[in-house]
Amino acid sequence: MRCFFSDQEEAGILTDQDSDGRIPLLRALLLRYSKVVEYLIQKMEQADKKAFDESRKICYLREDSIGDLTAAALEEVDGEDKLDEEIAHRVVAWEIAHIAPGKGLLWHHLARKGYVTAFKKAHAWFRSKYGLESYRIQIQEKDGILKTPLE
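Sequential numbering from 1 applies to the sequence shown in this note's numbering.
Since the hints were derived computationally from the structure, they do not count as laboratory data. No residue lacks a Cβ here, since even glycine has one placed at the ideal position from N, Cα and C. Treat the hints loosely; a few may be bogus.
Stated by the list, open to error - Label-pair distances were calculated between CB atoms; the ranges are:
1) E76 x R56: 34 to 44 Å
2) R127 x E54: 26 to 36 Å
3) G79 x E54: 19 to 29 Å
4) F52 x I13: 12 to 22 Å
5) L31 x G114: 20 to 30 Å
6) I13 x A97: 17 to 27 Å
7) G79 x K103: 30 to 40 Å
8) S34 x E63: 22 to 32 Å
9) R56 x G79: 37 to 47 Å
10) K120 x E54: 35 to 45 Å
Claimed, not checked - Taking lysine-lysine pairs in the DSS-like style, the calculated list, with each CA pair at most 27 Å apart, reads:
11) K57 x K43
12) K113 x K103
13) K50 x K82
14) K57 x K103
15) K35 x K49
16) K50 x K129
Model the full structure from these sequences, guided by the hints.
Below, the structure is given as structure tokens:
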């Protein structure tokens with residue numbers, strides 16, 4: 001894996017979206033390649049930190065792909081190994097940070113796509129990390145069609 005990415009190309013390759021808005025991390029999540037997922041999320045977090053330190057913009061996910069990373073990280077598949085919880089939560093946090101302003105919250109997208117298990121698990125993690133009040137504020141926010149995630 002390490003030889004595949006050069007320092008200059010790394011950030012672009014990690015977040016390069018295909019025609020369906022999918023990034024390499026999603027494929028690794030779907031195939032349950034936990035070592036690849038761990039490597040990719042670590043590199044993506046480092047790229048974000050570097051972009052922040054250099055006052056550069058981060059990439060945003062295409063609206064139609066939002067929620068897919070969280071669902072792939074949190075929903076269990078019969079016969080497949082469960083992804084390490086800490087890594088799964090890092091994937092959720094990364095996805096939350098890469099939703100463009102005005103495109104709704106992760107909760108809107110999970111609810112709209114019917115990712116029930118991912119919604120419940122992300123909800124429990126978010127509440128435990130940020131507190132109930134922060135979650136209440138987010139869950140009451142309306143999206144572009146003036147609906148909350150629960151409507």
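Taking the earlier hints as the rules, which of them does this structure contradict? Violated hints: 3 and 13; rest satisfied.
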